[in-house]
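Given only the sequences and the hints, what does the whole structure look like? Please build it.
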Amino acid sequence: MTTAISDVTSSDPGPPVGGGSADPVLSFGSPGIGQRIPHASLLFGTVGVLLLLVAWQVCAVTGVVDIHISSDPTQVLRQDIHLFSTGAIWAPIGTTATEVGWALAIIILAGIPLGIVLGRFAMLRQMADPIVSILNSVPYVLFLPLIIFWFGLGERSRVVVVIWAGILPLIINTQAGVRNIDRDYLRVGTVFSVSRLRFFTSILIPAAMPFILTGLRLAVARALVGAIVVEFFLSANGLGYFVQNATSNFEMSTAMAGIVVMAVAALLLTRLIGAVERRVISWSQAQ
Amino acid sequence: MSELADAEAKSPAPKRSPSLEVEHVSLGYPGRRRGEQVLACRDLNMTVHQGEFVMLVGPSGCGKSTFLEALAGLVHVGAGEIRVDGRPIDGPAKDRSLVFQSPSLFPWRDVYGNVIFGCQAQGRLDAAAKARAEAVIKLVGLGDVAHRRARELSGGMKQRVNLARALVTEPSLLLLDEPFGALDAQTREVMQDELVRMWQGSAIESSTTAVFVTHDVAEAVLMADRVLVFSKSPGTIIDDIPVSLGRPRTAAVRSSREFMAYHDRILDALYGRPTYRAEGVEVASTGSPRSTRSEVSAP
Ligand SMILES: Nc1ncnc2c1ncn2[C@@H]1O[C@H](COP(=O)(O)OP(=O)(O)O)[C@@H](O)[C@H]1O
Ligand SMILES: [Mg+2]
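Taken in sequence, the protein lines are chains R and A. With my numbering, letter number 58 in the first sequence gets 51, and the count goes up by one each step, no holes. With my numbering, letter number 164 in the second sequence gets 1211, and the count goes up by one each step, no holes.
The hints are simulated quantities; they were obtained by calculation from the structure and are not laboratory data. Accuracy of the hints is not assured; some may be wrong.
[Unchecked claim] Chain R is nowhere near these chain A residues, computed Cβ spacing over 10 Å in every case:
1) Pro1065
2) Asp1090
3) Ala1182
4) Arg1198
5) Ala1232
6) Trp1246
7) Asp1287
8) Ala1299
[Claimed, not checked] One side only, chain R facing chain A, incomplete, derived with CB under 8 Å:
9) Thr91
10) Phe185
11) Ser188
12) Val253
13) Val254
14) Trp276
[Unchecked claim] Counterexamples of contact, computed for chain R against chain A with all Cβ distances above 10 Å:
15) Ala33
16) Thr55
17) Ser277
Cβ atoms here follow ideal geometry from the backbone N, Cα and C, with glycine treated the same way.
Printed below as a string of structure tokens:
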């Protein structure tokens, strides 16, 4: 049995069981403090971030850390406002977003079908297994020089690296979802003479969807890392290059401002996938 | 014995064309060693007529599910032949539906979505099928929860969906594999009554033939036009008992001497004929331990 790559980032408590069909008047049981307050996870998460920022500010103001090296939250905020008002940040954001966008599109369009095929056909899976696990466990950074040699210094190389960075968890998880499909579902399909096409659309893909979305969540996270790494190496633009350039010019506030932009983008993407999960696989216990 | 003979003579089963013919069928699974076959049931022979409600009863592990799955087309028929309406079967087909032992619902679909799945899969989900699905959902008492997800249902409700899914495809052969076996006693009784009610009413075509597997002897007598008794593994048919109790089989019928006589005859077939039967003792009134035991368990 193939094991899926587990999703360590998921800490959301998930939607209440039963969604819209819950009785509107009565409520049973005594929820913990984390559930009594609406949007508790968002609220407490924000409080956590704020506490960290305050601590940082205090350390900077009291001189515990050198402000030239560490910058401080107010300066970073000011710098972010500046970067957005002058528009200087848009070009790097656009470059990185285009890169990641293309890569994710290809990751989804190739990774899910590949995972399904490998999950369904034992011989292909046995052939691909060693390759997949090598590619998944050897750091892709190692292949960077090769990729540059093959694909040049341009955008093509960068997209290839991002795909390389992100696609494996999606393939592996999709494959695991397909292989772990409940035998009962297959029997129901067979008894009612389901056609091949409908078997895929009505049974296999929905059943594997929780695994697929977990794979996608991991793929997005790794793709973002891949994009930054590749920009460190071979770029004259993009957010990764922007941060690296600012750091080497000793403009810590600018570097930090770039990191904040990246962090917010990552957070939004993760939240987006979480929302998709809540809509699409609300039926799944595992969520 | 005379009791039973009288009952059988009272209302002879209407003779209709055979719906299901099973000839010298043996079924098995590949064993541990290469090429080895493990027999699940051997040399099964039966003819079931159109509209008959046949109960298969036997100890657990005797191959009842395997046989039913072979009828459904899920299990390859190794030896012998199975014919439905005169045609040898070759895999699953639209004329047969199976009510699974475990509900086997798709959790990503709601009740309605699960119920229409059969017709959808068979590519005949037209307006008529949709209307039928809605009617059957009401009939099995799920009208209020038609748009609930499968996981929000109780065990009994899930089995109702399982049953409704099979009924909506209007099979000529309806197969049921211990559909109420996992339910609590009360729910089981309610559902037995409901199924019989549907069977007798217009909800199920009178030409539909049903093969219902159980290990519960009382359930067998309650539902059957005819009970086929399976031996221990590898199972084969060791008794064929027509049940001519009137319907509906009310509480009075269930506690009648006739009912108990059928009950005991099935137990006898399963365990061998004990001596007290030969003495003609009225089993139901003597309160022998046999007469209260209705669950068959493999010794
Ligand atoms: N998929 C399978 N592979 C191998 N053996 C099986 C399989 N399913 C059932 N069997 C065996 O076949 C026999 C009959 O099983 P089954 O038909 O499920 O019995 P029942 O439904 O009467 O309890 C049992 O001995 C069981 O172990
Ligand atoms: Mg069984």
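Would you list, in rising numerical order, the hints stated earlier that this structure does not obey?
Failing hints, ascending: 4, 9, 12, 13 and 17.
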